[in-house]
Amino acid sequence: MKIYRTWNVKPYALVLPALLLAVVFAYRPFVITILNSFHTVNLGGVRMQFVGVENYQRLFGSESFQASLSNTLRFTLFFVPTNITICLAAALLSNREGKLATLNQIFFFLPMAVGLSSAMMIIKMMFNPSIGIINHLIGSDIQWFNDPKAAMALLVIAGVYLDIGFNFLLLSAALRNVPKELVEVANLEGAGKMSIFRYLQLPLIAPSLVFVLMTNIKDAMLISSPVLILTEGGPFRSTQTLVYQMYLEGFKSGNYAMGSAIATVVFLLTFTILLSLLHLERRRVYYQ
Amino acid sequence: MKKLIALSATLLSLVIFFPIFYSISASFFTYTDFTSIPARLFSSAPTFENYRRAFTESKLERFLFNSLITASLGTVVRMTISVLAAYTFSFFTFKGRDILFVLIVATMLLPSDALLIANYSTIRSLRLTDSYLGIIATSLLAPTHIFMLRQYFKTVSPEYREAAILEGCSDTRFLTTLLIPISKAVVITLAIHSFSTIFNDYLWPLLVTNREAMRTVQVALTMLGFSENLDYGPQFAAITLLMTPILIAFVVMHKPIQTSVSTRFTGR
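Chains as they are written, first to last, in numbering that gives the first Met the number 0: chain A, 0 to 287; chain B, 0 to 267.
Isolated chain A, as found in the complex (with noise of 0.2 angstroms):
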């Protein structure tokens, strides 16, 4: 332990400017949403009369919110598990040698280079249901906008599009990591390339994995963008996600206490998920 000598006023005044910050775009907001959530709030945003949980019952009474909740756990499912499906195999597939090779890599991150409203306005175009090139392509007529399995399914392919590109990155850095001449022994050894990836990469890129399963969840639940350009939350609410609805009682309908309440659902429930993954991989994930 060392003595601390510096009572001097400059790493305070360094580290002002960050700690400013945090108090009055992190800590601050997050307190007065909570406060808010408790209370009815006026236009002007003005903290009215304390109505105790009386805004959680209607929130959770009404069918515009269980909708929202819904939709939101059922996009992080089917999200998730798709997206970390098809980084990793983009990664897998293009972690060889040669000229393909590279240019396959580069095709995997290039998603990264496109804006996230950009890449929704490509995506609508692609996928109207009559004039769009996707229905053509794999002639379908599905009706991406109306259809809310469609919608829902869209959001997801519009969401792994959004991911795709730094996620692979990630992942596919992980596995040039792992040592060559593990992977050259357990060939000579006769492994096939179904257990040199079950034991031997698998283990090996687990804290990469895990990490982008922690952001996945976390773009998952507060995905909101996406729904605004795409959607619009419909057809019927099938796309309205949290965030989302927040947006709207926030900004559209001028509900501050409302869209409070809902904020604070989202905090308790990233919280919750992101602290128990936490506590998993401290029990399941060995780093070297």
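Be careful, since some hints might not be right.
[Stated by the list, open to error] In silico lysine-lysine, DSS-like type, Cα no more than 25 angstroms apart, as pairs: (1) B:K254 to A:K179; (2) B:K1 to A:K192; (3) A:K192 to B:K2; (4) A:K192 to A:K179; (5) B:K94 to A:K98; (6) A:K98 to B:K153; (7) A:K98 to A:K179; (8) B:K183 to A:K98; (9) B:K94 to B:K58; (10) B:K1 to A:K9; (11) A:K9 to B:K94; (12) B:K1 to B:K183; (13) A:K179 to B:K153; (14) B:K94 to A:K179; (15) A:K98 to A:K9; (16) A:K148 to A:K98; (17) B:K2 to B:K94; (18) B:K254 to B:K183.
By construction, these hints were calculated from the structure, which means they are not laboratory data. Keep in mind the model is a prediction, meaning the values are calculated, not measured.
Fit chain B to the supplied structure of chain A, relying on the hints for placement.
Below, chain B without anything else, positioned relative to chain A:
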């Protein structure tokens, strides 16, 4: 087996690449190409008309300017704040250091999307709506950056700084002539990441800008008022124009990008 893997990798990568290809191709479509049944992959008569219209019929250059200004300004301020904080946390000993560090890094657990409503109230009461500062305000703190930079700075022995200070070197000089140059790779990767995050942000700039002249390009893209009459051309021209520089940069720099990610998350 080898061929099968190469084949499936190529097929999958083409699927992933398709939206980019389609956007580029569609930016040369004529008006009727968009509504033709069956849908087209290539333009019937390639034309630059959409690009011309994107600029003349919208304030595209103004939106681009807004995005470039906010992204550059945001990146510079965010990197400065992060480097200073990470530097202090790794080289200084002072009372409450560890608590302050945890306090800052723990904001990672507070997703900004769930803070939208409260943060919007703050920005409104500070009268920062429709201003560049309002657009970047909530992205200025990057707890992940501070965390990663500190991890990196920690690998430099504190004796270096002590020796430098004894020789009369100032903190500023130590930072700019020694620490930042040797941490170049991390700093550049984080700066690129910051730039693209702020440049591509959608929901927050949508909320804090009401005046058309203050919109960032990502927000404006979804509002280019052509799509009502199935007139998608200018929109695709704008999208393509926007992603091309980044696409080129990614292709040219694919090696450093790939290695920077591996160093970033595996420590070395």
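A quick look at each hint next to the structure:
no. : hint             : verdict
1   : B:K254 to A:K179 : holds (19 angstroms)
2   : B:K1 to A:K192   : holds (11 angstroms)
3   : A:K192 to B:K2   : holds (14 angstroms)
4   : A:K192 to A:K179 : holds (14 angstroms)
5   : B:K94 to A:K98   : violated (55 angstroms)
6   : A:K98 to B:K153  : violated (38 angstroms)
7   : A:K98 to A:K179  : holds (19 angstroms)
8   : B:K183 to A:K98  : violated (29 angstroms)
9   : B:K94 to B:K58   : violated (52 angstroms)
10  : B:K1 to A:K9     : violated (60 angstroms)
11  : A:K9 to B:K94    : holds (12 angstroms)
12  : B:K1 to B:K183   : violated (38 angstroms)
13  : A:K179 to B:K153 : violated (30 angstroms)
14  : B:K94 to A:K179  : violated (47 angstroms)
15  : A:K98 to A:K9    : violated (52 angstroms)
16  : A:K148 to A:K98  : violated (40 angstroms)
17  : B:K2 to B:K94    : violated (61 angstroms)
18  : B:K254 to B:K183 : holds (16 angstroms)
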